[in-house]
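Quick mapping for you: the protein sequence lines, in order, are chains A and B. Each residue of the first sequence is one higher than the last, beginning at 2 in our numbering. Each residue of the second sequence is one higher than the last, beginning at 3 in our numbering.
Hints are supplied without guarantee of correctness; some may be wrong.
[Unchecked claim] Below, simulated SDA-like cross-link-like pairs (lysine to any residue); rule was C-alpha separation at most 20 Å, straight line:
#1 A:Lys95 x B:Gly101
#2 A:Lys95 x B:Leu103
#3 A:Lys280 x A:Arg319
[To be verified] Pulled from the structure, derived: some chain B residues nowhere near chain A, Cβ distances all over 12 Å:
#4 Pro12
#5 Thr36
#6 Ile38
#7 Glu222
#8 His246
#9 Pro249
#10 Ala270
#11 Gln271
#12 Ala278
#13 Asp291
#14 Ala299
These aren't lab readings, by the way, just hints derived from the structure by calculation. Just so we're clear, the structure is a prediction, and the values are computed from it rather than from any experiment. Even glycine gets a Cβ: it sits at the ideal position worked out from N, Cα and C.
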Amino acid sequence: MEQISIERAIGQALAEEMRRDARVLLLGEGVATKRPELVAEFGPARVRNTPLAEAIIAGTAVGAAATGLRPVIDLLFAPFLSYAMDALVNSAGKLRHLSGGQFEFPLVAIAMTGAGWGVGSQHNHNLEAWFAHAPGLKVVMPSTPADFKGLLKSAIRDDNPVLYFVDIGLLQQAGEVPAGESLVPLGRAAIARSGRDLSLVSYAKTVPVCLEAAARLAADGIEAEVIDLRSIKPLDLGTVLDSVRRTGRVVVVHEANRSFGVGAELAALVAEHAFDVLKARPLRLGGPDAPAAASIPLEQAYVPSVGAVCEAARSLLRCD
Amino acid sequence: MSPLPSLARPADRLEAMLLIRAYELRLAALAAETGIPGTCSAVGQEAAAVGVVSALTGDDLILTNHRSAGHLLARGADPGRMMAEVMGRRDGYCKGRSGSLHISARELGVVLTSTIVGGELSLATGVALSQTMLGRPGIVACFFGDGAACEGIFHEALNLAAVWKLPILFVCENNQWQAFVHRRETMLAEHISGFAAAYGVGGATVDGNDVEAVRAAALEAVESIRASGRPFLLETATYRMRGHLEPDDQHYVDAGELAAWRARDPIAQLRSRLLAAGGLTDGEADAIDARIAARVAAAEDFALASPWPDPAGLADDVYA
Ligand SMILES: Cc1ncc(C[n+]2csc(CCOP(=O)(O)OP(=O)(O)O)c2C)c(N)n1
Ligand SMILES: [Mg+2]
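Okay, chain A solo, but in the shape it has when bound (with noise of 0.2 Å):
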């Protein structure tokens, strides 16, 4: 197996996607400046710079999608979404509901975010929630090179708006990719670490703080399991449920600010579902209720560390 990064994954993703389908077209600021290799193989038609302008970019997508073309947009940083609210959420995402199915809004809208720039909350702000709390939307959210390409893969290949989000934590780490064609399928979680103690659920950047906790907690023989949900919405439930079944005890643990965010969401769902076999309460480790400084050891000291993660799971077996 090939050692690539997440950025040449998502390069390959969209080669090859563009490569077996024409309809797949890439727009956004800067995409052809970036890409030139895109641009030589399909032409300047398929891969267009846009003006600076996030709206009409996404409207420009999601009218696109609706009459035959699968557009993959590249916004740049998460916070930009918010000019491109209306489109995707209004659009996208209540269109072919509203008008009784008669459309349907194939597209990818890309965006970055996480600590790992040192730029601020303004570049760096981790909201797959508002897009998992819009109805007709999906949300992806990998965490290594392979999921990464399989993911975009599918998400290319999905009828559906798929938020893609790209950690920038992540982005220059290497990993195995499978060579050739491999999808990995929307909505489907994996598990990075069995383990019969606890279940950490998280996704993106913490699956590797989770992998490192699970690490130090076995020299203690504490058995973490560490599950990379991958999608957020699709939701892996069935997975995460057989987890804490077996384990009695769950820690999500995600990046972005806990109020009203992922873990919430999946605490709740564990509590609905799986009440009678938890042997403690949910925990949800997250970042502050406070918008993401830009000063390096402060966007870091955001980030729910290996040692939080460590703290979280004795605490929950300490009840016992």
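Guided by the hints, dock chain B with the ligands onto chain A, whose structure is given.
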């Protein structure tokens, strides 16, 4: 695509305008009498809708907004299915889910109707991109109001359409009102068409109460779009003779202004002109009136007989 109604003869256009008027007035009466949801009527604006739609072919696509009855009916929509939609019935164009505000009828080429002011502008560029990239012959007509011209997305859409040479007929129906605010309070310019030059595209303002003038201007604009592939901004200067949303007593409307525009009622103007010029006999005019009355009555019967949608389908058609 189902055959479109012929709007080729002046008498056809008179009949289409009369249908729109009778349909809208009946719904307004029903809203007042029976409490069905009120509509945003375009009484007084029929010439703008019929004149533009008469200049389109069956290959062309239409995007519209909350004040859409004229566009849909001119395009040949069934008034029964429209009324059923307004009443939230199962046999409406959108299975009753849209109500009056976002009626799309893909079978008629009326796509992606949005009631977010400016939403249709955000989507039209993508629809036009599909038309060009997929080699389809039709252009895109996008109807929006003078209020929508105050939204940033109007400027983003016009600019992108100009830069990418998208075949869009932007039709600003300047009815002087933006809900309960007069246009004069929101912009210094008298005319929206002036923005065309700023973006490097053609633009014109036409008397929106003269259907023949609108048709002539629209035919010219459509011809230029087909020849050049470039967008065009056509403004129809007209007036919203009833309120924003039924019922509306229009207490905030200047009586003199309203009276002046009522004296220029587009339907009365065309009718007397045709009768005077011999393009229509009294007998033909009476026959048209009788046909319209029968169609609207049948539409109402159809809508009222249509079942309510089944709540079991509340979450249908959210995802493809
Ligand atoms: C984004 C947004 N803001 C406000 C509204 C509420 N609203 C509905 S129609 C309307 C007036 C729109 O005026 P204009 O664009 O001139 O269209 P008209 O109603 O005159 O046809 C307003 C304010 C809305 N639907 N969407
Ligand atoms: Mg208006």
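Each hint tested on the structure:
1. Among the hinted pairs, A:Lys95 with B:Gly101 is consistent with the structure: their alpha-carbon atoms are about 14 Å apart, no more than 20 Å.
2. Restraint check for A:Lys95 and B:Leu103: the C-alpha separation of about 13 Å stays at or below 20 Å, so the hint holds.
3. With a CA separation close to 10 Å, the supplied pair A:Lys280 and A:Arg319 stays within the 20 Å bound.
4. Here B:Pro12 stays apart from chain A, with its beta-carbon at least about 33 Å from theirs, past the 12 Å limit.
5. Annotated as non-interface, B:Thr36 keeps its C-beta farther than 12 Å from every C-beta of chain A; the closest such distance is 24 Å.
6. Every C-beta of chain A lies more than 12 Å from that of B:Ile38, the closest at about 18 Å, which supports listing it as non-interface.
7. Listed as outside the interface, B:Glu222 is consistent with that label: its C-beta sits roughly 25 Å from the nearest C-beta of chain A, beyond the 12 Å cut-off.
8. Interface exclusion of B:His246 from chain A stands, the closest Cβ pair being 20 Å apart, more than 12 Å.
9. Distance check for B:Pro249 against chain A: the nearest CB is about 24 Å away, which clears 12 Å, and the non-interface claim stands.
10. No beta-carbon of chain A comes within 12 Å of the beta-carbon of B:Ala270; the shortest separation is about 35 Å.
11. For B:Gln271, the requirement that its beta carbon stay farther than 12 Å from each beta carbon of chain A is met, with the minimum near 35 Å.
12. Under the 12 Å C-beta cut-off, the non-interface status given to B:Ala278 relative to chain A holds; the minimum distance is some 44 Å.
13. Listed as outside the interface, B:Asp291 is consistent with that label: its C-beta sits roughly 33 Å from the nearest C-beta of chain A, beyond the 12 Å cut-off.
14. Every Cβ of chain A is farther than 12 Å from the Cβ of B:Ala299; the closest lies at roughly 25 Å, confirming the non-interface assignment.
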